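Given next are the chains, with one letter for each unit.
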Amino acid sequence: MDFAIECRDLCHRYGRKPALRGVSWSLKPGRICGLLGRNGAGKTTTINILNSFLVPESGTCKLLGEDSHSLSPATKARIGYLIEGHVQYGFFNVEQIERFYSAFYPKWDASIYYHLISRLDIGKKQKISTMSCGQRSQVALGLILAQKPDLIVFDDYSMGLDPGYRRLFIDVIRDYAADGKRSILLTSHIIQDLEGLIDDCIIYDKGRVLVDTQTERLSQDYRRYSFTAPEFKAHLGEAPDYLRVEQHPSRHLMHGFVNPDEVASKLAQLGIAASDIKEEKMTLEDIFIALTGKY
Amino acid sequence: MTRSIFYKEWIKTRLVWALLLAVNLGYAIYAILRLRYVYVHHDPLLIWNSWIFKGYTFYAYYEKLPLLTGILLAVAQFLPELLNRRMRLSLHLPMGEDRVVAAHLGVGLLLMALLFIPALLPMYAVAVAYFPPEFIGGMLTTSTPWILAGIAAYMFTAALLLEGRWFARIVLAIIAAASLRLFFQEILYSAYERILPVLIAWTALTFFIPLLSSQRFRKGI
Chain C
341 MDFAIECRDL CHRYGRKPAL RGVSWSLKPG RICGLLGRNG AGKTTTINIL
391 NSFLVPESGT CKLLGEDSHS LSPATKARIG YLIEGHVQYG FFNVEQIERF
441 YSAFYPKWDA SIYYHLISRL DIGKKQKIST MSCGQRSQVA LGLILAQKPD
491 LIVFDDYSMG LDPGYRRLFI DVIRDYAADG KRSILLTSHI IQDLEGLIDD
541 CIIYDKGRVL VDTQTERLSQ DYRRYSFTAP EFKAHLGEAP DYLRVEQHPS
591 RHLMHGFVNP DEVASKLAQL GIAASDIKEE KMTLEDIFIA LTGKY
Chain S
6 MTRSIFYKEW IKTRLVWALL LAVNLGYAIY AILRLRYVYV HHDPLLIWNS
56 WIFKGYTFYA YYEKLPLLTG ILLAVAQFLP ELLNRRMRLS LHLPMGEDRV
106 VAAHLGVGLL LMALLFIPAL LPMYAVAVAY FPPEFIGGML TTSTPWILAG
156 IAAYMFTAAL LLEGRWFARI VLAIIAAASL RLFFQEILYS AYERILPVLI
206 AWTALTFFIP LLSSQRFRKG I
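Protein sequences, first through last, are from chains C and S. The first sequence lines up with residues 341 to 635 when you count with the numbering used here. The second sequence lines up with residues 6 to 226 when you count with the numbering used here.
Because the hints were derived from the structure by calculation, they are not lab data. These numbers come from a predicted model, not from an experiment. Note that beta-carbon positions come from the ideal geometry of N, C-alpha and C, so glycine has one too. Among the hints, erroneous ones may be present.
Derived coverage of chain S by chain C (criterion: at least 3 residues anywhere in the stretch with Cβ under 8 Å from a Cβ of chain C; other residues may be distant) [to be verified]:
{"no.": "1", "segment": "84-98"}
{"no.": "2", "segment": "201-210"}
{"no.": "3", "segment": "214-224"}
No more than 25 Å apart at the CA atoms, straight line, and that leaves these computed lysine to any residue pairs for SDA-like [claimed, not checked]:
{"no.": "4", "chain 1": "C", "residue 1": "K618", "chain 2": "C", "residue 2": "L583"}
{"no.": "5", "chain 1": "S", "residue 1": "K224", "chain 2": "C", "residue 2": "F444"}
{"no.": "6", "chain 1": "C", "residue 1": "K357", "chain 2": "S", "residue 2": "G101"}
{"no.": "7", "chain 1": "C", "residue 1": "K402", "chain 2": "S", "residue 2": "R93"}
{"no.": "8", "chain 1": "C", "residue 1": "K488", "chain 2": "S", "residue 2": "L84"}
{"no.": "9", "chain 1": "C", "residue 1": "K618", "chain 2": "C", "residue 2": "E586"}
{"no.": "10", "chain 1": "S", "residue 1": "K224", "chain 2": "C", "residue 2": "K447"}
{"no.": "11", "chain 1": "C", "residue 1": "K465", "chain 2": "S", "residue 2": "R8"}
{"no.": "12", "chain 1": "C", "residue 1": "K368", "chain 2": "C", "residue 2": "H592"}
{"no.": "13", "chain 1": "C", "residue 1": "K447", "chain 2": "C", "residue 2": "K357"}
{"no.": "14", "chain 1": "C", "residue 1": "K368", "chain 2": "C", "residue 2": "D342"}
{"no.": "15", "chain 1": "C", "residue 1": "K618", "chain 2": "C", "residue 2": "H588"}
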């Protein structure tokens, strides 16, 4: 098995509206990958295909070497899945739900679950439906980690969580993946949380893969420069290096996969008489917004 | 694993199940008192004439209760799965997807049996004590369509809740209403005797409808 997840040429439409247009990417074993994109970019459609709740119009998707729509029970037992909104069975209490899930997973480790629960201000008899979203997220996470899965898919793990629970969630994921044997795919709209966590980064835009690279490389190579210039009209066309230019009242911005020694010439090629060019630091969220736009 | 699914379904439905048991037993007690009243206060010749020749059913009060029981039990079982599309959790369990849904339906059938048997057995026991065997056999064939209607109603309600699209739900609801009407064309004594095997076969087939709905749910149709 070469990949934990492998998507090839996924295409899907809702009615006439295309949701995925030939999406291909893969997740190598032992890596943590962030699947990012703005609302409607196609992330949820991809997650639904991955979790076999949607058949794509065309293309294939494999999890741990098996087609996502015909996973064997043994392979399913190796995959943990967090549903958006930390959905769980609300009628169970903390103990009952552990008893229920433990029967299904051969590698089940209840101590992982109860260790997470012990950090929360909840009793073992508390019903899940009476918990806060943050508490429920920890119960859902504890149940997934107790399975000791080889592959975990976290669909919008940050939804509804306050900063404390978000940080806790990330810390737990980081600890769990520390042995380098677990493959993790996660989606989130809180991109700043993923900085330093995800090894790889896939960014969707309008149903296509815009960027698929190592996060470190993206942070190193995608740069932003500010400069001053008289009013200009830049014609970028289909820039292969994701070049973007923004005009602002004081200092203008240019970002893209551009080295510092190429900036001046690139700007000159665009017909911009730039001066006082300075490189600015970019966070992962800055890069994401620069690539996918604000509108 | 199947035991765990039973455990989950029991925790989820036990309050509704207990309520339905109380209602079913209440109706059964009423039917028993009614049968006893008929036996005590009416002339045997008149009972024979009404029951056998005119087809009058003295215990018809129980007629629609299995139907209501089936619908409510399916709602108690599958509505929580519908909310937030929680069925995804169950379908992700390491079992075959059809087997997961079949196990849920099996639990529902078992819980229904545990509602109908305690209600019907005392009714038949009292009837056996008071009336000749001709009446008892007829009682069985008269009340069997009601029980079958309860099972079919359970399957249709489960399918409606598992179905992903509203249009499909509406179509299914129309089929369900037409289909369930078949079970209540007549309440006369032994009216369904000849057609009973067909009704049993049709009820058995309804087991596959929720399975088809869950397959459609999985495909996102």
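Return the numbers of the hints above that this structure violates; sort them in rising order.
2, 6, 8, 10, 12 and 13
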